[in-house]
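*Asks:* Use the sequences and the hints to build the structure in full.
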Amino acid sequence: MKSAKNDYPIISIIVPVYNASYYLCDCLDSIAAQTFNDFECILIDDGSTDGSGAICDRYAKLDDRFKVVHQSNRGAHAARLAGYRHSKGFFIGFVDSDDWIEPDMYEKLVSAMHDDVDISMVCFVQECQGSPLMETREKWGETAINAKDALAQSLTRRVFGWELWCKLFRKELFDESIFHTELSVGDDLVTSCLLFLRANKVMYMPCDLYHYRLHPQSMTHIDNMYTSLKLIEAIKSLLLSYSNFDIFITDYLLYWHSYLIVGNLLYSYSSNENSIIYKKLFSELKWSLSKINDKGLDRREKLFVKFVMHSEYDGFLNKMKTRNRVKCCFFAGDKEVYIYGAGKMGNKLRESLVEMGIKIKGFIISKKTDDIKEVAGVKLYSLNELLDNLSRICIFLGVSVYYIDEIKEILLKNGAKHIYWPPMMKYGQLDNKGLDRARNKLLYLQKAREGMYYEGNDGRIY
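In this text, residue positions in the sequence shown follow this note's numbering: the first is 3, and each later residue adds one.
Since the hints were derived computationally from the structure, they do not count as laboratory data. A quick note: this is a predicted structure, and the numbers were derived from the prediction, not measured. Ideal placement from N, C-alpha and C gives every residue a C-beta, glycine not left out. A portion of the hints provided could be inaccurate.
[Unchecked claim] Here are the simulated PhoX-like cross-link-like pairs (lysine-lysine), alpha carbons at most 25 Å apart as the crow flies:
(1) Lys297 - Lys238
(2) Lys329 - Lys410
(3) Lys443 - Lys304
(4) Lys282 - Lys304
[Said to hold, decoys possible] Derived CB-CB ranges, DEER-like:
(5) Glu411 - Thr37: 51 to 59 Å
(6) Ala35 - Asn386: 44 to 52 Å
(7) Asp52 - Arg159: 25 to 33 Å
(8) His88 - Ser277: 41 to 49 Å
*Replies:* Structure representation (structure tokens):
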């Protein structure tokens, strides 16, 4: 059924396309097969060089619901902006060109857009090709949520996140200012936050109807310093540009901003490269910490904040390097050295220890597979393989504080005697456990707006 006014479609589905020829037909076939068929699908060919543009043209020729815009490569968010400019629907949805959707996804999303609901959403399935699962989420029953509470929930990513796909939006929420095309990472975060701020209610439905494909070429699959720096930039853009977040969300964004910066400063312990970047990061860290509400920090974090705020970058770096070098070298002595944990933090620790002249014998991991035998040229061992020597070797813990107690208990029960958690791990970042605590606090304080807790003289609720 066409909409009554000017025969416009009900939905505009915007698909940014860049060099996605291997997956694109799966994506477009799934859109064409929707049981709700009153839509236009706007394909933005963002300067593809692999034949994706020709595939888009073929679909547009066969099905008049598909429209193609060819442009030079400007990035995914600029492509979404171009799609918005060409859209005529009353609702707007987004699909990534390497993903696909179930036939009834848009039928369910449209059916939920009643009364004062401005955003509807479904759940997604992570389709992994050579990638680990990104995250595990809780599920609610079908629920209508106040948009401010939904914004807080999206930032924690425990039930749903800030991804634009798998959601449907009223077009009235949009204008061109919400598309921050200068951001190459975190653009979804910024746009979705603004859309939630403008919305009234959000409808959550626990149906797995969107298939999010993870593969080695996926941008979000690449976990590197560039991606992290760009996300830091996006969070600060939110903090600087928008004053209508409530104080709890602002505090969370400041904590998250600080957490990401300190994680990157770990690289400066073992590297003299990009010192300009690290100095800028240290300045950004001071900016965040000067604004953060320290009532939400634990004692260790407060001490770290005080240390940072009373230091200059060179002094901070030298003190951290000296402290780590002296303690790590003393502990290692002449024993064989192993690192427990071969993930991101374990590898950062490996880089730092090697820079100190400490030779790493191997990584210890909880479960070992036959297909992966080493990481970064260092052999992997299971705990069982080292049981006979466990009392004699030196074990550095290269893991988050979140797992420390559990791992220490396991090692001690199996006879380990030389276990060390280096300062660079212990104090080097506002760690995952701290970020998890900040998420808990954010969700807890959102509920406090109902008047359950008292308000302090500074306007904060405690």
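*Asks:* Give a verdict on every hint.
*Replies:* Verification of the supplied hints:
Under the criterion of a C-alpha separation no larger than 25 Å, the hint pairing Lys297 with Lys238 is consistent with the structure, at around 21 Å. A hinted pair counts as satisfied when its Cα atoms are at most 25 Å apart, and Lys329 with Lys410 qualifies at roughly 19 Å. Between the alpha carbons of Lys443 and Lys304 the distance comes to roughly 17 Å, so the proposed pair stays at or under 25 Å and holds. Straight-line distance between C-alpha atoms of Lys282 and Lys304 comes to about 22 Å, which keeps the hinted pair within the 25 Å bound.
The hint said 51 to 59 Å for the Cβ distance between Glu411 and Thr37, and at roughly 53 Å that hint holds. Checked against the hint of 44 to 52 Å, the C-beta distance between Ala35 and Asn386 comes to roughly 50 Å, which is consistent with it. Judged by the Cβ atoms, the range 25 to 33 Å given for Asp52 and Arg159 holds: they are separated by roughly 32 Å. Taken as a hint, the range 41 to 49 Å holds for the pair His88 and Ser277, whose Cβ atoms sit roughly 45 Å apart.
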